[in-house]
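Trainee: Modelling step: build the complete structure from the supplied sequences, incorporating the hints.
Those protein sequence lines, which keep their order, are chains A and B.
Just so we're on the same page, our numbering is the position in the first sequence counted from 1, plus 227.
Just so we're on the same page, our numbering is the position in the second sequence counted from 1, plus 4.
It should be emphasised that the hints constitute simulated quantities derived from the structure, not laboratory data.
Careful: at least some of the hints might be erroneous.
Here are the simulated EDC-like cross-link-like pairs (lysine to aspartate or glutamate), alpha carbons at most 16 Å apart as the crow flies [said to hold, decoys possible]:
1) B:35 with B:130
2) B:35 with A:232
3) A:229 with B:128
4) A:229 with B:124
5) B:169 with A:242
6) A:229 with B:16
7) B:35 with A:231
8) A:229 with B:74
Derived, one-sided and incomplete: chain B residues facing chain A with beta-carbon distance under 7 Å [claimed, not checked]:
9) 19
10) 24
11) 34
12) 69
13) 151
14) 165
Ideal placement from N, C-alpha and C gives every residue a C-beta, glycine not left out.
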Amino acid sequence: MKTEDLVAMLATNVDAVPRKAASRQIGLALAVGLPLSMLLMATEYGVRRDLLTAFGWPMFWVKLLVPLCIAVFGFVAVQRLARPGVSPRRAWIGIVAPVLFIWLLGALVLMSAPADVRATLVLGQTWRSCVFNIAAISAPIFVASLWALKHLAPTRPAAAGAAAGAMSAGAGAAVYALHCPELAAPFLAIWYVIGMALPVLAGAAIGPRALRW
Amino acid sequence: MGMSDAEQLLRDLLLQGLDGNAQAYHAFLIKLGTHLRAFLGRRLFGWPDEVEDLVQECLLAVHNQRHTYEPQQPLTAWVHAIARYKMIDFLRGKAGREALHDPLDDELEVFADSATEASDARRDLDGLLDTLPDRQRLPIVHVKLEGLSVVETAQRTGMSESAIKVGIHRGLKALALKIRRRE
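Mentor: Okay, structure coming up:
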């Protein structure tokens, strides 16, 4: 086929294209994945019984807002990386800053605590399951966002996969926070961060293979 | 014509094309093809016979991914990223990573030159089209090659109108993947 014939073919009967496809597709993935994550949390783990009381505790909000911030900037980064020639620019800062914040807070709490309670602050009661639970609750959003990326055009597939992972990890951890009984900053700084890192790493690993176009 | 003139003109044509203006879209693809030919020809001097194949591959990619262009973005950057992505892919297939050093680093010159003289593409696109399943091939043949309307094609094939639109969309994407695998 000659190039002029290809061009003629592509242009014949061409349809109007809806705008803002990247934000829309990834927004759709969130709209599908987030309710599934909520459902998973509510049925498999259960919302914490004292949720209304917990609304009054500052550390509960830290636990909720740190991952939410990661989710929001993960969304910004992934919808940019889904479009050729658009760099995520400062969105990475919004993903990394909440992690640095909780690390700093965790270190301060740990340093000011008496030596005999430090182990409890780090391990809490649920350190064995926290990492896995966060990764599991993120999974529906992770799968949906990779599916959305397949309909878009990431030219840096590892970065796009990692950003999709960050968005799902943040959203998943925020959902898990509605169940999780832990409140200590050192606990969050370690186990929440590891739990959220898993989808990011998975996205970076899967992206180059799954997101070709 | 300076680079920013080309950017302006191509962008106007593309935006009209994205609104469904087939004539403007056709003009956009023709002009874009000349720029891509010059851009890729300069970088793939080792493989002059394959420049036209890659031009076609890029044009198909531009078409398939046109929904990812947003008006506030410079068109040059968008086209450059697509051409670069397809070129890296081509070079990986050809010569491994060593070939990547030189030709790719210069930024955003996609519209600097144009070349209207197309050599023959070596790849058999028609042949690849024939390998698509009927639900994708027939809509492409009737609507995109013969120029029938979606309604006429629906009557002729017994497919629903939405199935025809989906078939065209998926078929052109499948075509791009078949090209990638260099079947």
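Trainee: Each hint: holds or not?
Mentor: Quick rundown of the hints versus the structure:
no., hint, in the structure
1, B:35 with B:130, "violated (23 Å)"
2, B:35 with A:232, "holds (14 Å)"
3, A:229 with B:128, "holds (9 Å)"
4, A:229 with B:124, "holds (7 Å)"
5, B:169 with A:242, "holds (9 Å)"
6, A:229 with B:16, "violated (25 Å)"
7, B:35 with A:231, "holds (11 Å)"
8, A:229 with B:74, "violated (29 Å)"
9, 19, "violated (10 Å)"
10, 24, "holds (3 Å)"
11, 34, "holds (6 Å)"
12, 69, "holds (4 Å)"
13, 151, "holds (5 Å)"
14, 165, "violated (12 Å)"
The structure is inconsistent with the numbered hints 1, 6, 8, 9, 14, although it conforms to all the rest.
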